[in-house]
Amino acid sequence: MAQEWPVSPHRIAASLGYANDGYLRRKFPDLCRAIGNKIAVQKAERLANMERFLTKALKEYPAPTLHDLGRRLGYSSSTCLQLHFPALCQQILAHRRAVRHEKIAEAKRTLQDLLLEVPAVSLRIASQRTGFSCLYLKELCPEECAALGSRYVRWRHESSERRKMDLFQDVRDAVGQLHDEGKCPTVKRVMSVLPTTACGNGKP
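Residue 13 in our numbering sits at position 13 of the sequence shown, and the numbers go up by one each step.
Rather than coming from a laboratory, the hints here were simulated on the basis of the structure. From a predicted model like this one, the values you see are computed outputs, not experimental measurements. C-beta: ideal position from N, C-alpha, C; glycine also. Be a bit skeptical, because a hint or two may be false.
What the hints assert, rightly or not - Calculated lysine-lysine pairs in the DSBU-like style (CA-CA distance at most 35 Å, straight line):
(1) K183 <-> K164
(2) K138 <-> K183
(3) K27 <-> K38
(4) K164 <-> K56
(5) K59 <-> K138
(6) K27 <-> K59
(7) K103 <-> K59
(8) K188 <-> K164
(9) K188 <-> K138
(10) K59 <-> K38
(11) K56 <-> K27
(12) K43 <-> K56
(13) K103 <-> K38
(14) K56 <-> K38
(15) K59 <-> K43
(16) K43 <-> K27
(17) K103 <-> K164
Unchecked claim - Label-pair ranges, simulated between beta-carbon atoms:
(18) H101 <-> R11: 39 to 49 Å
(19) Y61 <-> V118: 29 to 39 Å
(20) F28 <-> N49: 48 to 58 Å
(21) E117 <-> R46: 47 to 57 Å
(22) L16 <-> Y61: 44 to 54 Å
(23) R71 <-> P29: 49 to 59 Å
(24) R46 <-> D68: 25 to 35 Å
(25) R156 <-> L83: 24 to 34 Å
(26) V118 <-> P142: 34 to 44 Å
(27) R189 <-> R129: 44 to 54 Å
(28) P142 <-> G36: 49 to 59 Å
(29) E60 <-> V153: 32 to 42 Å
(30) K38 <-> L135: 45 to 55 Å
(31) R100 <-> S8: 35 to 45 Å
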């Protein structure tokens with residue numbers, strides 16, 4: 001009885017080799033009743049604390065899982081939480097779903113805006129803009145991520161083709177300029193009159 005967390009009469013009886021606590025309750029009725037009352041009070045306090053904890057979890061962001069909450073309370077699973085507070089646990093699950101839907105909607109809006117940006121934005125940049133990893137973005141918004149990836153690949157290809165065309169035109173202009181000056185258009189001379197930005201234009 002003096003222990004902070006007293007052992008129940010049933011467990012005491014079992015440790016002494018009795019099949020049940022009937023003998024102890026007959027022999028020490030007042031003590032067994034006092035132990036039972038103390039255990040009941042502690043259980044009520046523990047459940048009240050658990051209820052407050054779960055109620056507070058409804059306002060957490062990001063929304064925690066029931067498993068995480070159970071672990072924080074010292075349990076290996078969420079079974080105890082769902083047993084004592086099924087309605088609260090359902091609210092927490094609903095809160096988690098709502099937060100996920102909100103995340104998806106926000107990510108979709110951001111990705112749809114990025115699909116209109118020029119130059120095209122890569123998925124890596126989209127990941128930096130949204131704060132989500134590429135893998136998580138693909139999980140949340142597979143269609144938008146696929147569209148973003150396709151657009152970026154297409155833009156890179158088109159940009160590469162434009163740079164090649166620009167380089168080709170720059171070389172033609174350089175050769176024409178050298179001919180006008182009466183000079184033989186060697187590679188070295190052509191390179192010397194090309195615009196400073198032309199040397200990298202052939203690279204994708």
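Evaluation of the provided hints:
no., hint, verdict
1, K183 <-> K164, "holds, 25 Å"
2, K138 <-> K183, "violated, 57 Å"
3, K27 <-> K38, "holds, 19 Å"
4, K164 <-> K56, "violated, 61 Å"
5, K59 <-> K138, "holds, 27 Å"
6, K27 <-> K59, "violated, 51 Å"
7, K103 <-> K59, "holds, 16 Å"
8, K188 <-> K164, "holds, 19 Å"
9, K188 <-> K138, "violated, 49 Å"
10, K59 <-> K38, "holds, 33 Å"
11, K56 <-> K27, "violated, 45 Å"
12, K43 <-> K56, "holds, 20 Å"
13, K103 <-> K38, "violated, 46 Å"
14, K56 <-> K38, "holds, 27 Å"
15, K59 <-> K43, "holds, 25 Å"
16, K43 <-> K27, "holds, 25 Å"
17, K103 <-> K164, "violated, 41 Å"
18, H101 <-> R11: 39 to 49 Å, "holds, 47 Å"
19, Y61 <-> V118: 29 to 39 Å, "holds, 34 Å"
20, F28 <-> N49: 48 to 58 Å, "violated, 30 Å"
21, E117 <-> R46: 47 to 57 Å, "holds, 54 Å"
22, L16 <-> Y61: 44 to 54 Å, "holds, 51 Å"
23, R71 <-> P29: 49 to 59 Å, "violated, 40 Å"
24, R46 <-> D68: 25 to 35 Å, "violated, 19 Å"
25, R156 <-> L83: 24 to 34 Å, "violated, 56 Å"
26, V118 <-> P142: 34 to 44 Å, "violated, 24 Å"
27, R189 <-> R129: 44 to 54 Å, "holds, 46 Å"
28, P142 <-> G36: 49 to 59 Å, "holds, 57 Å"
29, E60 <-> V153: 32 to 42 Å, "holds, 39 Å"
30, K38 <-> L135: 45 to 55 Å, "holds, 51 Å"
31, R100 <-> S8: 35 to 45 Å, "holds, 42 Å"
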